[in-house]
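J.: Given only the sequences and the hints, what does the whole structure look like? Please build it.
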Amino acid sequence: MGAIWVFAEISPDGPHPAALELLTKARAIGDDVAAVALGPGATAAAPELGAHGATTVYASDEPVFADQPGRAAAHTLRALIETHAPSLILFAGTYDARDVAGRVQALTGSTLMANATDVESPTRARTEIFGGTKYVDVDLAGPEPRLVLVRPRSFPAEHSGGTATVVSVDAVVPDGAAATVIERHAEVAGGPKLEEANVVIAGGRGLGGPDPFAMLDDLAAAIGGAAVGASRAAVDAGWVPYSYQVGQTGKTVKPEVYIAAGISGALQHVVGMKGAKRIVAINKDADAPILRIADLGVVGDLFQIVPALTEEVRKRASS
Amino acid sequence: MRRARVRWALISAARPTARTDGLGARAGRELTQVLGQRKLFQKALPGAMHAFIFWGFLVLFPTIVEAMLAIVNPDWTLPILGHAAWFAFLVDLFATMVAVGVGIAFYIRKVQKPDRFRGSHMGEADRILLTILSIVTTLLLWNATQIALGTFSHPSAAPVANALSNLFGTGQPTEALERVFVWAHILIVLAFLTYLPKSKHLHIITAAPNVFFAKNGPSGYLAPEHIDLEGSEEDMRFGVATAQDLSKKQLLDLFSCTECGRCQEVCPAWATGKPLSPKLLIMDLRDHVAGIDPAAMAAGTIELQPLVPSAVTDEVVWDCVTCGACVRECPVDIEHVDTIVDLRRNLVMAESRFPTEAGAMLRGVEGPNENPWGQPAASRTDWIGEIPVRVLQPGEQAPEYLFWVGCAGAFDDRAKQTTQSVARLLNAAGIEWAVLGPRERCTGDPARRMGHEYLFQMLAEQNVATFAEAGVQKIVATCAHCFNTLANEYPDYGANLEVVHHTELLSHLIAEKRLLTTPGADGTVTYHDACYLGRHNGNFDAPRDVLGATGLSATEMERARERSFCCGAGGARMWMEEGGDARINDTRFAEAAGTGADTVAVACPYCFVMLDDAAKAAGSEMRVADVATLLAEATLSESGT
Chain A
79 MGAIWVFAEI SPDGPHPAAL ELLTKARAIG DDVAAVALGP GATAAAPELG
129 AHGATTVYAS DEPVFADQPG RAAAHTLRAL IETHAPSLIL FAGTYDARDV
179 AGRVQALTGS TLMANATDVE SPTRARTEIF GGTKYVDVDL AGPEPRLVLV
229 RPRSFPAEHS GGTATVVSVD AVVPDGAAAT VIERHAEVAG GPKLEEANVV
279 IAGGRGLGGP DPFAMLDDLA AAIGGAAVGA SRAAVDAGWV PYSYQVGQTG
329 KTVKPEVYIA AGISGALQHV VGMKGAKRIV AINKDADAPI LRIADLGVVG
379 DLFQIVPALT EEVRKRASS
Chain B
376 MRRARVRWAL ISAARPTART DGLGARAGRE LTQVLGQRKL FQKALPGAMH
426 AFIFWGFLVL FPTIVEAMLA IVNPDWTLPI LGHAAWFAFL VDLFATMVAV
476 GVGIAFYIRK VQKPDRFRGS HMGEADRILL TILSIVTTLL LWNATQIALG
526 TFSHPSAAPV ANALSNLFGT GQPTEALERV FVWAHILIVL AFLTYLPKSK
576 HLHIITAAPN VFFAKNGPSG YLAPEHIDLE GSEEDMRFGV ATAQDLSKKQ
626 LLDLFSCTEC GRCQEVCPAW ATGKPLSPKL LIMDLRDHVA GIDPAAMAAG
676 TIELQPLVPS AVTDEVVWDC VTCGACVREC PVDIEHVDTI VDLRRNLVMA
726 ESRFPTEAGA MLRGVEGPNE NPWGQPAASR TDWIGEIPVR VLQPGEQAPE
776 YLFWVGCAGA FDDRAKQTTQ SVARLLNAAG IEWAVLGPRE RCTGDPARRM
826 GHEYLFQMLA EQNVATFAEA GVQKIVATCA HCFNTLANEY PDYGANLEVV
876 HHTELLSHLI AEKRLLTTPG ADGTVTYHDA CYLGRHNGNF DAPRDVLGAT
926 GLSATEMERA RERSFCCGAG GARMWMEEGG DARINDTRFA EAAGTGADTV
976 AVACPYCFVM LDDAAKAAGS EMRVADVATL LAEATLSESG T
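Protein chains in written order, with this note's numbering: chain A, 79 to 397; chain B, 376 to 1016.
Be aware that one or more of the hints could be misleading.
Claimed, not checked - A few chain B residues facing chain A, derived, Cβ under 8 Å: (1) Leu433; (2) Val486; (3) Trp748; (4) Phe786; (5) Asp787; (6) Asp788; (7) Gly926; (8) Trp950; (9) Gly954; (10) Arg958; (11) Lys991; (12) Ala992; (13) Glu996.
Worth flagging that the hints you see were computed from the coordinates, not collected in a lab.
Ideal placement from N, C-alpha and C gives every residue a C-beta, glycine not left out.
T.: Okay, here's the thing in structure tokens:
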């Protein structure tokens, strides 16, 4: 049996978390595990790849891999395959790796299986159907190496404590037309993402309009690392965009602290935030269902309470 | 004729629909709905217009034969009919009625211009109507020239033709005109017959069989699509992907549509500015299917395009609330909802393509807690509080009634009020009842209406097993969707139960004097019919009877009973975000508020949540409450059990 390879996506910030998950899995399938890391940051990432199970890291720091996404990596990978003949290559189901895997399959004529949730052996992988209620085990036939795209977060990433030998690789870039990256736009993050924030402040119908959301923004800024969300009622009313919506048909959040301002706590909303460690509710109606699930319930006028809270947070932060 | 053959070949090659049971009901529909034009008369003027033309042509059919004989030899005519004064009278009367009918049709189309025609082929309709008019005009003129020439046996029996005969002399020109009119009559009829197969007027052939093969029984019933994962792949079907997957009835539906737009006019999605119109859905599917060569399809030499998005967009398929207003309105019994669900089945089960936000519901229903909100199963009994309630334990036999609380009734704060009211009323009436508590799981209805037939099937099989184990015979349900599923769809999975909706049981208990009521409540109420209780299952009176026992003064919305307007939550729309110009629940609530009543009464937790949300969004003081809660307030004392 040949080696098990992991196509490890890397960036100057380090390897993609999915690469470490796949290496952990690859160790369980075979003894000879290697990682292929192409692009700026590859050599620097090698120790971490080694610590997760790669005994060899085929690495190249050439910028062409970042400039010609997919194409350069696929051709280089084909050259590596021809030299080293691995049995199986695992790819994470990310945008970039899917692009590479598809190209490699077309170049080598091997077998590609997408959307795998587990890999049992170099010849068998598993996927889910019917929304995860049924498993299908797939036997991989065809010429080696077989290619499997695995859903990210299917396995935990665990240290092996090993180290990797770094083998430097030359980039193989064929002549001819290629799509190249000419410009990059980094998404300007306006505070943390709703799903990732430690503190979420959400507004509901009780805010009465779009403008009071500025009040919640102020509080979020004062706390720092906080995100602003909303109930469906506030989104339906058009006060904030759908991306703010927390609940059954919106986002599910699990922050350390969830502050619900002017939200009654209908089931549709509660299912999206009940996983919060601490729930603080501010509502003028003492019978509001949200107060029953809140760790701290404040019955009163949010237009007085929220600015006062913001003031207090600022005062304590500066002292 | 080639086009007729093409349509026939498509239908005969299609998947069969098992619709030959209950022949009495089917024959009955032919009498009332086809001959009697029952559904057409749901609109008075268009109904009269259509009946005049339809009945006219039934009577006039022999005259076409008569005219054909007269072409060969002017002296030939039909035996008996050709010489009967009464028949001459009928022909004269009905030919005139057809002409009047065409006049009304043009008045409706050109003067009234109802919005239901938006998107219909207006020019085609004009051509058809003018052809009809010319058929009867040439007939009347032919008869008039015969009268002028003295060759018509009973001139006085045909007053219109008789009056027209004054236009003509007795000489040579009239003899020539007589030939011209009879030839024109026959040629126009023949031309019309060749035009028919490619036009929407084909309904004169397809409507009667389409009505015959329509669904018997409650319209809320969906036919199962059994999924056996161990079975052969060839038998496996996941709804409708391409034209090849449509059933015979579904194809007949497409070729029966005349684009009258009655469905469009009542559709909640269309009324609130969504892309879905049931009429346009049928037209788009028809135009797609009509472009397929059936021989190539059978031979597999063409690659069939998926109906979604080639014929209709994803959005159209997901806009439907499955309220069934279109189906009820359709004069030729087109079943739009069943086709939409079949399209969804393919999108969900084969393609995993559906509005993302509904995924949480599917995961919740599939998940360990088996309810759309993913709430802990153990909290299904949280509503009970101080109320004496028996929770049926495994191994115990069910008492007379099993109270099917439903997921909304167990987890939603508003719906819980209904559950509590019903529990108190059942206790007050001395009914022996119990709940399943944590052993209850979703009926699978929201998954089924989403198209996830496999998930529905699993839940149905599990629930039916629970019923069998506990010996359940009678079920009372507060949710109209649970009610419809348990009563109409669970028999397909082996359940043999008597299922009642709580409004039916309460109305029965009041009538039997087992629930003593004092109609002492003050105020006014308007009742909102739930689609899956009313239109889909014909229960309109029980909730109104219960309200009658409260003492509240009832007032009706304009769209009530069979023509109730959906709250917007059906068809799993409860779990999807809504686009369009307006929200369906806001639209319906505005109508309820327009009655000036203090309270809008509901009989389904979905309607409760949707209308209550709309009331809050409108900042309205109008109260939304279930019929049972209003009864409990009027009947039970504060300390009531």
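J.: Determine for every hint whether it applies to the structure shown.
T.: Tested hints:
A cut of 8 Å between beta carbons decides the hint on Leu433/B: the least distance to chain A is about 52 Å, and the hint is violated. Interface restraint check: Val486/B against chain A, minimum CB-CB distance 39 Å, threshold 8 Å, status violated. Of the supplied interface hints, the one on Trp748/B holds, with its beta-carbon coming within about 5 Å of a beta-carbon of chain A, less than 8 Å. A distance limit of 8 Å between C-beta atoms decides the matter here; for Phe786/B the minimum to chain A is near 6 Å, and the interface restraint holds.
Taking 8 Å as the C-beta cut-off, the interface hint given for Asp787/B holds, the closest approach to chain A being about 5 Å. Annotation: Asp788/B was flagged as interfacial toward chain A, and the flag holds, the nearest CB pair being 5 Å apart, inside 8 Å. Because the closest C-beta pair between Gly926/B and chain A is about 27 Å apart, greater than 8 Å, the hint is violated. Satisfaction of the interface hint for Trp950/B is found here, the shortest Cβ-Cβ separation to chain A being roughly 6 Å, below the 8 Å cut-off.
A hinted interface residue such as Gly954/B counts as satisfied when its beta carbon comes closer than 8 Å to some beta carbon of chain A; here the least separation is about 10 Å, so the hint is violated. Interface hint at Arg958/B: satisfied, since its Cβ lies 7 Å from the closest Cβ of chain A, which is below the 8 Å cut-off. The criterion of a C-beta within 8 Å of any C-beta in chain A is met by Lys991/B, whose closest approach is roughly 6 Å, and the hint holds. Among the interface hints, the one on Ala992/B holds; its C-beta lies about 6 Å from the nearest C-beta in chain A, closer than the 8 Å criterion.
Because the closest C-beta pair between Glu996/B and chain A is about 15 Å apart, greater than 8 Å, the hint is violated.
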